[in-house]
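Given chain A, work out where chain B should sit, using these hints.
2 protein chains.
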Amino acid sequence: MTTVTIIGTGLLGASIGLGLKASRKIPDLEVVGSDRSPDHLRTARSMGAIDRAEADPAKAVRGAALVILAVPVLGLYDVMEDIAEALEPGAVVTDTGSTKTDVLRWARELIPSETSFVGGHPMAGKTDSGPSAASADLFEHAQWIIVPAVNASEGAVKAVAGLAESLGATPRYMDAEEHDAYVAAVSHLPLMASTALFRLTRDSEAWPELSLLAAGGFKDTTRVAGTHPDMAHDIAVTNRTQIIHWLERYREALRTLQEQIADVEDEEGLYRYLAQTSMEHEAFMTGQVGRVEVDQKGEMPEGGMDDFIFGSYIAERMREMTKRSEERMAAREREERMRREH
Amino acid sequence: MTTVTIIGTGLLGASIGLGLKASRKIPDLEVVGSDRSPDHLRTARSMGAIDRAEADPAKAVRGAALVILAVPVLGLYDVMEDIAEALEPGAVVTDTGSTKTDVLRWARELIPSETSFVGGHPMAGKTDSGPSAASADLFEHAQWIIVPAVNASEGAVKAVAGLAESLGATPRYMDAEEHDAYVAAVSHLPLMASTALFRLTRDSEAWPELSLLAAGGFKDTTRVAGTHPDMAHDIAVTNRTQIIHWLERYREALRTLQEQIADVEDEEGLYRYLAQTSMEHEAFMTGQVGRVEVDQKGEMPEGGMDDFIFGSYIAERMREMTKRSEERMAAREREERMRREH
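Going down the list, the sequences are from chains A and B. Residue numbers for the first sequence follow the working numbering, so the first one is 1 and each next one is one higher. Residue numbers for the second sequence follow the working numbering, so the first one is 1 and each next one is one higher.
Okay, chain A solo, but in the shape it has when bound:
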């Protein structure tokens, strides 16, 4: 029998349990779950995400070949402390935390050297939390970042990569600092941007009216403001420097856009900015990610994206815009004149 222990049977932990069992990659598998919340543990058990519930994390890891720590980042320190002495020599310990620099430091301090710590971060999730939101396919087509401790064995790294693959995810290797810098931009900054946007409108005196008018655009842009505060908080305090760096840059980017909008003499420049963003967004959403390879480039219009953007389409729009801008100017002048004459 192979025992895999999952500490923390919330959305991620329960989804890993469900997915591991559905994959049937590990023969004679027993999944043991542990959680401070008896409710979560009961739900995870009754939905089949775990085979056995064990409230005490130290007892839960006994005999386990693989231990997955799926608790909020700041909870990892306590859990490592709790399980350290009970871990089997040769066991592999991994986690699902959203930041990695602090986590690897805690593992260096707390996880015994006869075991291997290999940090993990599945780039998947949803705003809903708890085991009832879990599903076996949560990680399908997701990236699963792997950050091995310096002393982790090759076998341990392969085991965690195998875990990711058996759940339908793609393993990607990087070091902790690299990881924290990238996710700050692509995950933590959107979280904070979304949170501040919701906070601002929610605090407005006009909120009763605004909330009635808020439609899809507002709801999408502010969706991650609903992230569980434990998770958002732990992310913020364990990736503080990187998040502050990106918030600074974001405010700068907003100022640039604001100045472009304010520049009445350069509506064409604003249009160019918006057209380029919209087209690059479409390319991203249709799968142009990573380093664009030659065969992907072949699908783009002749001369590449840039030439196309600043090419015929934009030129045509510019002509129209100049015409309309002149018309509106003329209309404004006519109106002014009428007002003066009356």
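No lab work stands behind these hints: they were computed from the structure. Take these hints with a grain of salt, some might be off.
Note: identical chains are not told apart, hence a pair may lie in one copy or across any two.
Dumping the calculated DMTMM-like pairs for lysine to aspartate or glutamate here, alpha-carbon to alpha-carbon at most 20 Å [said to hold, decoys possible]:
1. 219 with 280
2. 219 with 154
3. 158 with 140
4. 25 with 85
5. 158 with 128
6. 158 with 88
7. 21 with 282
Below, chain B without anything else, positioned relative to chain A:
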């Protein structure tokens, strides 16, 4: 036969045509469509969004009781100029533009006084554009803002409200300035926030890596960056002052959050900020909108939202956080000491 003419058979225009016909509210209805794009017109016709296609807008409005202008905001000026002389006396003209102050001014100048202009703005849409993205139920459960011109007849206002209702939307009346202020906060600011966020990460040297790691949170928060540039541009230049006002406030809100994250002495304050935002976001998403009525309040925990937020849950978390924060501090000190000793 009652003729309704739709100028602009893109996403909104074609959806109105489909919805109007599906509702069967107007007996013996003929929907005439006009569009500068022969492609759009052909598609709208073949999918049954319009009964008759007429490239020339002036010809299209002849005999029409109701004329719906569903073109990007800056296109409205040209269209009003084109159709003004051909409108039937007594006809009702409405639009679907995202801003209203300029539109009402153009209508005052161009639409003849024997006809009524009643501005409209359905708060629905999607990033995809064109008639092929249209559907009869696009406006169901949406708010449809109605901004009558001062000289619009009562019957004309009722006709436009009836149009909204027959498409499943709820009419809401306001004046142009009020409209533009509200949608700046709840629609245009999310558009610009999303656009600047995508632009910033897209312009990063790390974009090849970032684009691979970008998951649901990034995709939702930046979704409206894919808005058609014609629409985004026209919104920006016709609601410039309001948008700049909200961008200023947003940058201020981001700075506040950034300072809260940077304050290592007040992680509790950050947690309180995040917990309150997350809970209020959930209330919003579960339908607590508008002025909260007594019966809605009844569903909230005893003592109301605020007492609950700053009550037992938060207090419990605060104790935990303080403990963990002390532990991490101690761990850091131990590590420092070890480093010095080696």
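To see whether the hints hold, each was checked on the structure:
| no. | hint | in the structure |
| --- | --- | --- |
| 1 | 219 with 280 | between (22 Å within a copy, 13 Å between copies) |
| 2 | 219 with 154 | neither (44 Å within a copy, 34 Å between copies) |
| 3 | 158 with 140 | within (19 Å within a copy, 51 Å between copies) |
| 4 | 25 with 85 | neither (29 Å within a copy, 74 Å between copies) |
| 5 | 158 with 128 | neither (31 Å within a copy, 42 Å between copies) |
| 6 | 158 with 88 | within (18 Å within a copy, 76 Å between copies) |
| 7 | 21 with 282 | neither (37 Å within a copy, 32 Å between copies) |
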